[in-house]
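Below, each chain spelled out in residue letters.
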Amino acid sequence: MSAQPLTTVMDETASAAQSREVVHTHVAASTGPEKAARLNAPTIIDINNVDFYYGPTKALHGINFEIKEKLVTAFIGPSGCGKSTLLRCLNRMNDLIDGTRIGAGSIKISGVDIYDPSVDVIELRKRIGMVFQKSNPFPKSIYENVVYGLRLQGINDKSRLDETVERSLRGAALWEEVRDRLHTSALGLSGGQQQRLCIARAIAVEPEIILMDEPCSALDPIATVKVEELIHQLKQDYTIVIVTHNMQQAGRCSDVTAFFYMGRLIEIDATEKIFTNPSQKQTEDYISGRFG
Amino acid sequence: MPAPFSNTYSNGPASEQITKIRETLLLMASLTTRNLTLALRALVERDEKLAASVEAEDSQLDELEISVDELVINHMATHAPVATDCRFMLVASKISSNLERIADQAVAIARRSLELNKEPLLKPLIDIPRMAQIAEGMLRDGMTALIERKPELAQEIIRRDKEVDMINKQLARELTSFMLEDPTTITRALNLTLVARSLERIADHCKNIAEEVYYLYQAVDIRHERVGSPQA
Chain A
1 MSAQPLTTVM DETASAAQSR EVVHTHVAAS TGPEKAARLN APTIIDINNV DFYYGPTKAL
61 HGINFEIKEK LVTAFIGPSG CGKSTLLRCL NRMNDLIDGT RIGAGSIKIS GVDIYDPSVD
121 VIELRKRIGM VFQKSNPFPK SIYENVVYGL RLQGINDKSR LDETVERSLR GAALWEEVRD
181 RLHTSALGLS GGQQQRLCIA RAIAVEPEII LMDEPCSALD PIATVKVEEL IHQLKQDYTI
241 VIVTHNMQQA GRCSDVTAFF YMGRLIEIDA TEKIFTNPSQ KQTEDYISGR FG
Chain B
1 MPAPFSNTYS NGPASEQITK IRETLLLMAS LTTRNLTLAL RALVERDEKL AASVEAEDSQ
61 LDELEISVDE LVINHMATHA PVATDCRFML VASKISSNLE RIADQAVAIA RRSLELNKEP
121 LLKPLIDIPR MAQIAEGMLR DGMTALIERK PELAQEIIRR DKEVDMINKQ LARELTSFML
181 EDPTTITRAL NLTLVARSLE RIADHCKNIA EEVYYLYQAV DIRHERVGSP QA
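Line by line, the protein sequences are chains A and B. All residue numbers for the first sequence refer to this note's numbering, where the first residue is 1 and numbers rise by one. All residue numbers for the second sequence refer to this note's numbering, where the first residue is 1 and numbers rise by one.
With the rest of the complex left out, here is chain A (with noise of 0.2 angstroms):
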């Protein structure tokens, strides 16, 4: 499996198997073997044929596609293609919404199937960080904030959650800014500290993989480039999927893009392709904004 390669076009009439076939020497051509290389990298979420129900509405259809380690996979799309949807039944985030089911299909992370009975959705979530659209700290300090998972965890040892607050809040860029504050409430941060400290509360629990709804979405220029930068230096270490309607901040950010319409994923490649000339017309029209 680690050794598939990267693009991915989906063709409604092609069967699960065509549809994973690859045209990639592009990728090498464009970006340089060794971002091409990085691009190969292992498949850590193995989406495979999925369709995912609100009640009777079919809001995927036949999702089958590989999400790679430590590289950043942006979604993109028009508002209720299916993106955000998609990103929340990789945490299984979905199971709190009533009447909502997968159809057909699986979800690997690792190679375990998320949505096999035995799996621990507690557990899960431990290990897939979330970050949303609108900052949400809790109405505590800044350090209660970052150690939350760890108390939940039922770790009280003072030095380990001393060491985590330190290692979350430089990880998430944010040390500097509140080493001298950290048991001030942390809604007296401004808006991008406010979405730096959750990604540093997502972190501190060392998940494998960090979700991010629009991250950015309700924060100034700024902001926005500081959770950027972020965003590149935690890839290092962590697997990140982004939804953003932000077509510049996908280019920026990501590696791989993934465009997605009416519930399909109509094409999946490296950003640098997507953007520059990609395989589907539909993508084409979406981000040069043609549509959408």
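Since the hints were made in silico from the structure, they are not lab data. Worth double-checking, as some hints may not be accurate.
Straight line, CA to CA, 30 angstroms or less: simulated DSS-like cross-link-like pairs of lysine-lysine [as the list claims (entries may be wrong)]:
#	chain 1	residue 1	chain 2	residue 2
1	A	K58	A	K281
2	A	K158	A	K140
3	B	K94	A	K281
4	A	K108	A	K235
5	A	K281	A	K35
6	B	K150	A	K281
7	B	K20	A	K281
8	B	K20	B	K94
9	A	K70	A	K226
From chain A, some residues computed to sit far from chain B (all C-beta separations above 12 angstroms) [what the hints assert, rightly or not]:
#	residue
10	K70
11	S118
12	V121
13	F132
14	E206
Over the 10 angstroms line for every Cβ pair with chain B, so calculated as not near, a few chain A residues [stated by the list, open to error]:
#	residue
15	A36
16	P42
17	T43
18	N49
19	Y54
20	E163
21	R170
22	P207
23	D220
Yeah, the Cβ is synthetic: ideal placement off N, Cα and C, and Gly gets one too.
Position chain B against the provided structure of chain A, taking the given hints into account.
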């Protein structure tokens, strides 16, 4: 492949800006072709007024070249184009630059014709009009390939450049022998050599335009006889 010339934008500012760039390029191509034709007529018909008019028209092309770059930078700054639109921005700027240089070469030919008209013809003009005919065809077809989205036509134009190079070399040998045989022909022979050289440069610029058109529609860079290039 949505192309700048099959503008599928709604009637928004992006559409207007792309249309404006396209129209400016077409105006430049039209003026450049006219100046090249006038310069050749000035040479063949030994008409000083035509030669003067070529030089007078050139400043308009200089202005248009700057205008294309301004439109391109404005569109890039305000709309952050991607894919075909992004390539079109790069290509539009390069095509306008090549058109302006073709117009400069037309001025050079007009100036040489003024010099040549002071003396009798050294030899009947056969090769130079032939080179001009090929170069004009390359320019016309290059713009057709751009407007009608025909990368295959662009490939074909690139091959024609070699023909112009060949005629230029052949003419240079012939004119050298004139100069060796009779030193009184040196000035005229050198002027004719420079005219041929200008036409050879014009064909090079037309080839550049064709390569840009190919890149625009195929997203493959075939300059400098790279792998995959029709000239390789």
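Here is what the structure says about each hint:
{"no.": "1", "hint": "A:K58 with A:K281", "result": "holds (24 angstroms)"}
{"no.": "2", "hint": "A:K158 with A:K140", "result": "holds (17 angstroms)"}
{"no.": "3", "hint": "B:K94 with A:K281", "result": "holds (26 angstroms)"}
{"no.": "4", "hint": "A:K108 with A:K235", "result": "holds (20 angstroms)"}
{"no.": "5", "hint": "A:K281 with A:K35", "result": "holds (26 angstroms)"}
{"no.": "6", "hint": "B:K150 with A:K281", "result": "holds (18 angstroms)"}
{"no.": "7", "hint": "B:K20 with A:K281", "result": "holds (24 angstroms)"}
{"no.": "8", "hint": "B:K20 with B:K94", "result": "holds (16 angstroms)"}
{"no.": "9", "hint": "A:K70 with A:K226", "result": "holds (20 angstroms)"}
{"no.": "10", "hint": "K70", "result": "holds (26 angstroms)"}
{"no.": "11", "hint": "S118", "result": "holds (44 angstroms)"}
{"no.": "12", "hint": "V121", "result": "holds (39 angstroms)"}
{"no.": "13", "hint": "F132", "result": "holds (26 angstroms)"}
{"no.": "14", "hint": "E206", "result": "holds (36 angstroms)"}
{"no.": "15", "hint": "A36", "result": "holds (17 angstroms)"}
{"no.": "16", "hint": "P42", "result": "holds (30 angstroms)"}
{"no.": "17", "hint": "T43", "result": "holds (27 angstroms)"}
{"no.": "18", "hint": "N49", "result": "holds (29 angstroms)"}
{"no.": "19", "hint": "Y54", "result": "holds (31 angstroms)"}
{"no.": "20", "hint": "E163", "result": "holds (42 angstroms)"}
{"no.": "21", "hint": "R170", "result": "holds (32 angstroms)"}
{"no.": "22", "hint": "P207", "result": "holds (32 angstroms)"}
{"no.": "23", "hint": "D220", "result": "holds (18 angstroms)"}
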